[in-house]
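Participant: Sequence:
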Amino acid sequence: MNVQTTAHQIELTDAIREHIDKRLTAALNQHEQRVSSVELRLEDLNAQKGGVDKLCRVTVNLKPRGTVVVEERGADLYLTISHAADRVKAVVGRKLDRREKKRRGVGR
1172 MNVQTTAHQI ELTDAIREHI DKRLTAALNQ HEQRVSSVEL RLEDLNAQKG GVDKLCRVTV
1232 NLKPRGTVVV EERGADLYLT ISHAADRVKA VVGRKLDRRE KKRRGVGR
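All residue numbers in the sequence shown are consecutive under this note's numbering, ending with 1279.
I should point out that these hints are in silico values taken from the structure, not numbers from a laboratory. Hints should not be assumed to be uniformly reliable.
Said to hold, decoys possible - With a cut-off of at most 20 Å between alpha-carbon atoms, the simulated EDC-like pairs for lysine to aspartate or glutamate come out as follows: (1) LYS1266 <-> GLU1242; (2) LYS1260 <-> GLU1242; (3) LYS1234 <-> ASP1268; (4) LYS1220 <-> GLU1243; (5) LYS1266 <-> GLU1243; (6) LYS1193 <-> GLU1242.
What the hints assert, rightly or not - Quick list of the computed label-pair ranges, beta carbon to beta carbon: (7) ASP1268 <-> HIS1179: 28 to 38 Å; (8) ALA1178 <-> ASN1232: 13 to 23 Å; (9) ALA1218 <-> ASP1268: 35 to 45 Å; (10) GLN1219 <-> ASP1268: 41 to 51 Å; (11) GLN1219 <-> ARG1265: 18 to 28 Å; (12) MET1172 <-> LYS1220: 29 to 39 Å; (13) ASP1257 <-> GLN1175: 13 to 23 Å.
In this text the structure is predicted, and so the values were computed from the model without any measurement. Even for Gly, the Cβ is constructed at its ideal location relative to N, Cα and C.
Starting from the given sequences, assemble the full structure and let the hints guide the process.
Facilitator: Listed below in structure tokens is the structure:
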């Protein structure tokens, strides 16, 4: 899966890229055919001040249309990415399940 990643005030190392690819591929693997693109933005909000300041925003564009945006903040970048990936998996799954139920007329 191709994840377009941008980072602001964070050094994007190979280890971070590998972690992103591993976590998002696992999170979206079940719905891979319905995903048209994935964008991930990492940002250090407070830079040198420290604290809970790492932001991970994941935008998933779905086929034929639909967008899921998840934001997660935390002090540890790897945990923040992992939590965002877990939330992406849950939200995308719910959205696609809802869409499928509407299409089939289930629940009426």
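Participant: Looking back at the numbered hints, which does the structure fail to meet, lowest number first?
Facilitator: As far as the earlier hints go, only 11 is violated by this structure.
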